[in-house]
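Build the complex: two chains, separate frames, hints provided.
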Amino acid sequence: MTTMTEARTIQAYRVYIRATPEAIWTAITDPEWTSRYGYAGRVEYDLRPGGAYRALSSEPMRAAGAPEVAVDGEVIEADPPRRLVQTWRMVMDPGLAAEGFTRLTHEIEPLADGVTKLTITHDLTDTPGYRALVAGELEDRGAGGGWPWVLSGLKTLLETGASLTH
Amino acid sequence: MEDDDLVFRALANPARRFLLDLLFERDGRTLAELESELEMTRIGAMKHLRVLEDAGLLVTQRSGREKRHFLNPVPIRLIHDRWIDKYRERRVSALVHLKSELETKG
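If you're matching them up, the sequences are chains A and B in order. Using the working numbering, read the first sequence as starting at 3 and increasing by one per residue. Using the working numbering, read the second sequence as starting at 141 and increasing by one per residue.
Pulled out of the complex, with its shape left as it was, chain B reads as follows (with noise of 0.2 Å):
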């Protein structure tokens, strides 16, 4: 299967996209940590977890005992690149102003 078409399956699934959006919010959480999040079996939880991790979209790391779930958003930024930002005229006009934009973020 072409990664891309790994990618829109796994996102494909509102529990998939819960648990991104859950990291989104607090990454590195544990499967412990995820799991009590979801209506589901840990066993199910385990099989959305990993469709993500083979599409690329989450991270794992050993921390001591623990597995750690990181998002990785670059999957979805290389079909962003690719299928989105080229009808878009984008600069970077880099971090120059960025000190005032911050500022103003409050």
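For reference, chain A alone in the conformation it holds in the complex (with noise of 0.2 Å):
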């Protein structure tokens, strides 16, 4: 099954946070917290299977000319404060949408001590254009630091409050 030029498919990212999963679930799906870190734009989710998300661009970026909305996609599972599946597609860029649907997961588990552990799995298959964005390979680029960039800006809010993004 496996070859040596076997594509990457999927991605997975994990951070510890010392927070509550509900405070975690909240900095993900709620815009006043989305605005704080990473890409710092709002988020529009209806938290039902089928309901709609929208990311929106932040407002730097939309004076340097971005569309109104970032990132879309539905809402497949949402089960507050643990598990959120959901379709993710980039729609900022013409030539990277057209990459269509991709199949994000978000898992929050609490362990000992106050700390949760939050994981990231993406499935990215047949989406390079993704796969280098999320990665943060396209960083040099102005494109930001993708899951590995927006994780630490998390838990760097939700731990000290203080903000990375500016």
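Quick caveat, the hints were computed from the structure, so don't treat them as lab data. Only a predicted model underlies this, so the values are computations on that prediction, with no experimental measurement involved. Hints should not be assumed to be uniformly reliable.
Derived DSBU-like pairs: lysine-lysine, alpha-carbon spacing no greater than 30 Å straight-line [said to hold, decoys possible]:
1. B:Lys187 with B:Lys207
2. A:Lys119 with B:Lys187
3. A:Lys119 with B:Lys207
Shown next as structure tokens:
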């Protein structure tokens, strides 16, 4: 099944955060929080199966000419504060948007001592542009640092109240 | 041990850095696939993978009967953002210019 040329199809990212699962869930799904870390765009989630998802461009991004909606998709499964499964398509750029919908899963698991494990699994099969983007490989081109950067900012915000994004 | 200590300790070994390089090249490999690239026993490879996982540099996921290993760069990113990035003016000009960049990349 696997060969030397097999494309990378899934990316998995994990971070441990000193915060409750509820706080992490809120930081992922509430626009007041999503505007404070990572790409800093407000999100709109209709948190039920089939519900719409949109991540909007931040103010600086829009000032630079970005469209209103950066990412869109649909909620597949919402089980607050533990599990969120959705589709995800970057629509900011027409070329990338053509790669279509991917599947994104957030899993939130409380551990001991007030630490919570957050795992992101992003199925990026047949989407080479997205793969580079969300892995942070295009950061030098001004495309942000992808999931590692987003999760780093999320942890810093929840643990210290400080935003890495300006 | 502090999280950062675990990361630095995990990285302070050439075999473990090689394992991360392998996963950077192609993610989601099984133990057998990783082991075949190393000149060591399965037990030795498992030990190194365990250290990497404890440091948060690996995420493993079950896929049927197999356990797949994924490179998790978030701990390195955290160190980067905390120790290095503060010295550098950085601005996300976002994805606006991405299209042309991708095109020139060919």
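Results for each hint:
no.	hint	in the structure
1	B:Lys187 with B:Lys207	15 Å, holds
2	A:Lys119 with B:Lys187	23 Å, holds
3	A:Lys119 with B:Lys207	19 Å, holds
In summary, this structure violates none of the numbered hints.
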